[in-house]
Structures are given as structure tokens and as C-alpha cells.
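Trainee: Residue numbers (this note's numbering), protein chains in the order written: chain A, 273 to 430; chain B, 6 to 157.
Keep in mind that a hint or two might mislead.
[Unchecked claim] Derived DSBU-like pairs: lysine-lysine, alpha-carbon spacing no greater than 35 angstroms straight-line:
| # | chain 1 | residue 1 | chain 2 | residue 2 |
| --- | --- | --- | --- | --- |
| 1 | A | Lys372 | B | Lys53 |
| 2 | A | Lys322 | A | Lys415 |
| 3 | B | Lys73 | A | Lys415 |
| 4 | A | Lys415 | B | Lys53 |
| 5 | A | Lys372 | B | Lys73 |
| 6 | A | Lys322 | B | Lys73 |
| 7 | A | Lys410 | B | Lys53 |
| 8 | B | Lys53 | A | Lys422 |
| 9 | A | Lys322 | B | Lys53 |
[Claimed, not checked] Where chain A lies over chain B, by a calculated footprint (3+ residues, C-beta under 8 angstroms):
| # | stretch |
| --- | --- |
| 10 | 18-31 |
| 11 | 62-70 |
| 12 | 112-121 |
No wet-lab data here; the hints were simulated from the structure. From the three backbone atoms N, C-alpha and C, an ideal C-beta is built for every residue, glycine too.
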Amino acid sequence: MTVYEAVKRPLYSFCLRLAGDADDAADAVQEAFIRLIGRAGEISGAASVKSWLYTTARNQIYNEFRREGRMQEIDESAIEADTTPYAEAERTDESEFFEKLLARLTLNHREVLVLREYEGYSYHEIAEMLDIPESTVKMRLFKARQSLAKMFPMKQTR
Amino acid sequence: MQCESIQEQISMLLDHELSVAEAQQIFSHLGTCAECAGFYSASARISKRLRRLEQSEYPSALDARIRKAAGAQRTEPARSPRYLPDRLSAIVRRRIVLPIPAAVAVFIVSLGLGLLLVRSVAPGFLPIEKETKIVVAYPPVEVVADDETITN
Numbered sequence: 273m274t275v276y277e278a279v280k281r282p283l284y285s286f287c288l289r290l291a292g293d294a295d296d297a298a299d300a301v302q303e304a305f306i307r308l309i310g311r312a313g314e315i316s317g318a319a320s321v322k323s324w325l326y327t328t329a330r331n332q333i334y335n336e337f338r339r340e341g342r343m344q345e346i347d348e349s350a351i352e353a354d355t356t357p358y359a360e361a362e363r364t365d366e367s368e369f370f371e372k373l374l375a376r377l378t379l380n381h382r383e384v385l386v387l388r389e390y391e392g393y394s395y396h397e398i399a400e401m402l403d404i405p406e407s408t409v410k411m412r413l414f415k416a417r418q419s420l421a422k423m424f425p426m427k428q429t430r
Numbered sequence: 006m007q008c009e010s011i012q013e014q015i016s017m018l019l020d021h022e023l024s025v026a027e028a029q030q031i032f033s034h035l036g037t038c039a040e041c042a043g044f045y046s047a048s049a050r051i052s053k054r055l056r057r058l059e060q061s062e063y064p065s066a067l068d069a070r071i072r073k074a075a076g077a078q079r080t081e082p083a084r085s086p087r088y089l090p091d092r093l094s095a096i097v098r099r100r101i102v103l104p105i106p107a108a109v110a111v112f113i114v115s116l117g118l119g120l121l122l123v124r125s126v127a128p129g130f131l132p133i134e135k136e137t138k139i140v141v142a143y144p145p146v147e148v149v150a151d152d153e154t155i156t157n
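Next up, chain A with everything else stripped away, as it sits in the complex (with noise of 0.2 angstroms):
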């Protein structure tokens, strides 16, 4: 199996959780893939190959999302008070309230928990690959679960 065959779905699943719009996930991991061809033989090893193809594509979406004014900070107190993923529970199956819930975090704490939690990467791949040290990683995927557990009350976790 080729690299592209191996790093393609994960990669684009990655990619679409993070940027919650098809065409943009579709566009990202393009771009990903025709820079890789332009950097043949700079990049060795499978391992390499896919943490470069996941940095470049989580940066193509982050550009994107700066060039059209949507890097969003998530205002706690609207989120306390918003109960609509709650409602939406009752009404949607599971795997969509829990993408809802995940587009509702800010890009950067929905990054790391999307590389930990879909993917399984460790902390300190995680560093490398967004280029941030260990302990902000640690920091955002507690900012991420601490957003979270506000939006997930109680009773709905039975």
C-alpha cells in the first residue's frame, strides 16, 4: 500500500473534523499532497511523510480560515449558556452531536483533540507536527475537554 493509500482517509477525516466543511477538508488535503510531490526526496520515511502531509494540511485549513476573517474564539459564558447541543442530543444520533459538539470549539483546542483522540497521536507528536511545545498541547486538550464537559451536562452522559 502507498503512502497516498495509507495517509488519504485518515487524513481527510482529520481534516474535515477540523474544518467541519467538506470542500475546505477536500481542498486542504489536496494541497497537502501536490506540495508533497514538490518536495520529493526532502522527506523520508513513512511516519515523516504522514506527520508533514497533517501539518501542511492543518495549515492550508488555518490559512483559509484567516484569509475569510472564521478563526472564532469560543466565548465561554455563551457556551454555559447555550444549551442547544444538549436539545439537539434528544433529536440527532450520536456521531452528528458529537461533531456538532466539536465544531463549537476553537480551531486550536478542536486541532489537538481531534490528532489525540481520532488519530491517537502523543503528546509529544502532536508538538511536533503543530510545532507548539508538550505542555501547550497538554493545556489545549484540557482547554478542549473542560469546553466540552460545559456543552455535555450530566444527565446526558448516562
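Dock chain B against the given chain A, drawing on the hints supplied.
Mentor: Chain B alone, transformed into the frame defined by chain A:
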């Protein structure tokens, strides 16, 4: 404040980043703190459900799109060396040899500039022509008369 720190550790516990001893400390705290116990319960359930979510469906048209874009990129002329602007790299590739007259002209100009520099830094090193002062003098003109001398 203490609960904030404990909840940060609960997040690490969910990622299996704590030692057994550290985990035991957290669990003993959970028995006495409803707030942290609530955070642990909610976060553990959320993590479990997030990990169960399936991968999104991969769009079949994306393969063709990437192949097409990759093909278009391969047909573009290669740039070498990549980090230099095109015009500069073209000059480097052609290895321009300066024509001899140009080289001679550069040598002469450099020599002149060098001499000027030496002269300004060490004036005594090279002979400098003495300054010639042009003095307009009006020596007394003696007008000799027949019987007297008049000095002007």
C-alpha cells in the same frame, strides 16, 4: 484553583500520560470532590464516544482531482536552484565570464579608489604636491622724479 490543577491532570489521565502513583492520587481526590468527579465522568464519557466515531467517508472524486493536479504540476518546468529567484538563478546557471575590457576597467577604477583611500588615511605615505599660493603683491612703486622720490 486546586481543582483546576487536578482537572488538568484528569485530562492527562484520560490520555494515559500519568504514572500509577499519580493516577491513584487523582482517584483519591475524586472521592472527596464532586466538581472534579463530575469533570472526570463527563470527560471520560466524551473521550470514549469520540474515539468510537467512525472515519468520515472519503469523497471518491478527490482521487481524480489530486491526480489531475499532480499531473499538471509535473509538467511545469523544474526550477533550480529552488531558493533563488528565477532571474538570479539563470545568471548563476549561465556562469557569465566577464569580458576582459570590463575587467581592466574595474581594475583601474579600483586602483584609483585605493590610492585615494591611502592618501586620505596616511597623507605622508604618498608625495603630495606643495600648495602653491598665488600672492598678488603690490610692491612699493618708486617713482623717481627729477628732484624727489615719491613713495606710493
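Trainee: Would the pair A/Lys372 and B/Lys53 pass a check requiring their Cα atoms to be no farther apart than 35 angstroms?
Mentor: Holds, at roughly 16 angstroms.
Trainee: Residue count check for the stretch 62-70 of chain B against chain A: does it reach three with CB-CB under 8 angstroms?
Mentor: holds (count 5)
Trainee: Is the straight-line distance between the alpha-carbon of A/Lys322 and that of A/Lys415 35 angstroms or less?
Mentor: holds, 26 angstroms
Trainee: Would the pair A/Lys322 and B/Lys53 pass a check requiring their Cα atoms to be no farther apart than 35 angstroms?
Mentor: holds, 25 angstroms
Trainee: Decide if the proposed pair is consistent with the structure: A/Lys322 and B/Lys73, CA atoms, cutoff 35 angstroms inclusive.
Mentor: OK: A/Lys322 and B/Lys73 at ~21 angstroms, within 35 angstroms.
Trainee: Going straight from one Cα to the other, do B/Lys73 and A/Lys415 come out at no more than 35 angstroms?
Mentor: violated, 41 angstroms
Trainee: Taking a Cβ-to-Cβ distance below 8 angstroms as contact, does the stretch 112-121 of chain B have at least three residues touching chain A?
Mentor: This one is violated; 0 residues, fewer than the three required, reach chain A with a Cβ under 8 angstroms.
Trainee: Can the restraint linking A/Lys372 and B/Lys73 be considered satisfied, given a maximum Cα separation of 35 angstroms?
Mentor: holds, 33 angstroms
Trainee: Please check whether the stretch 18-31 of chain B has three or more residues whose CB lies within less than 8 angstroms of a CB on chain A.
Mentor: Answer holds; 3 residues pass the 8 angstroms Cβ test.
Trainee: Quickly compare the C-alpha distance for A/Lys410 and B/Lys53 to 35 angstroms and report which way the hint goes.
Mentor: holds, 18 angstroms
Trainee: Hinted pair, alpha-carbon criterion (35 angstroms max): A/Lys415, B/Lys53. Please report holds or violated.
Mentor: holds, 17 angstroms
Trainee: Hey, B/Lys53 versus A/Lys422, does the alpha-carbon distance stay inside 35 angstroms?
Mentor: Given that 35 angstroms is the threshold and the Cα spacing comes to 17 angstroms, the pair holds.
Of the hints listed earlier, those the structure fails to meet are numbers 3, 12, in rising order.
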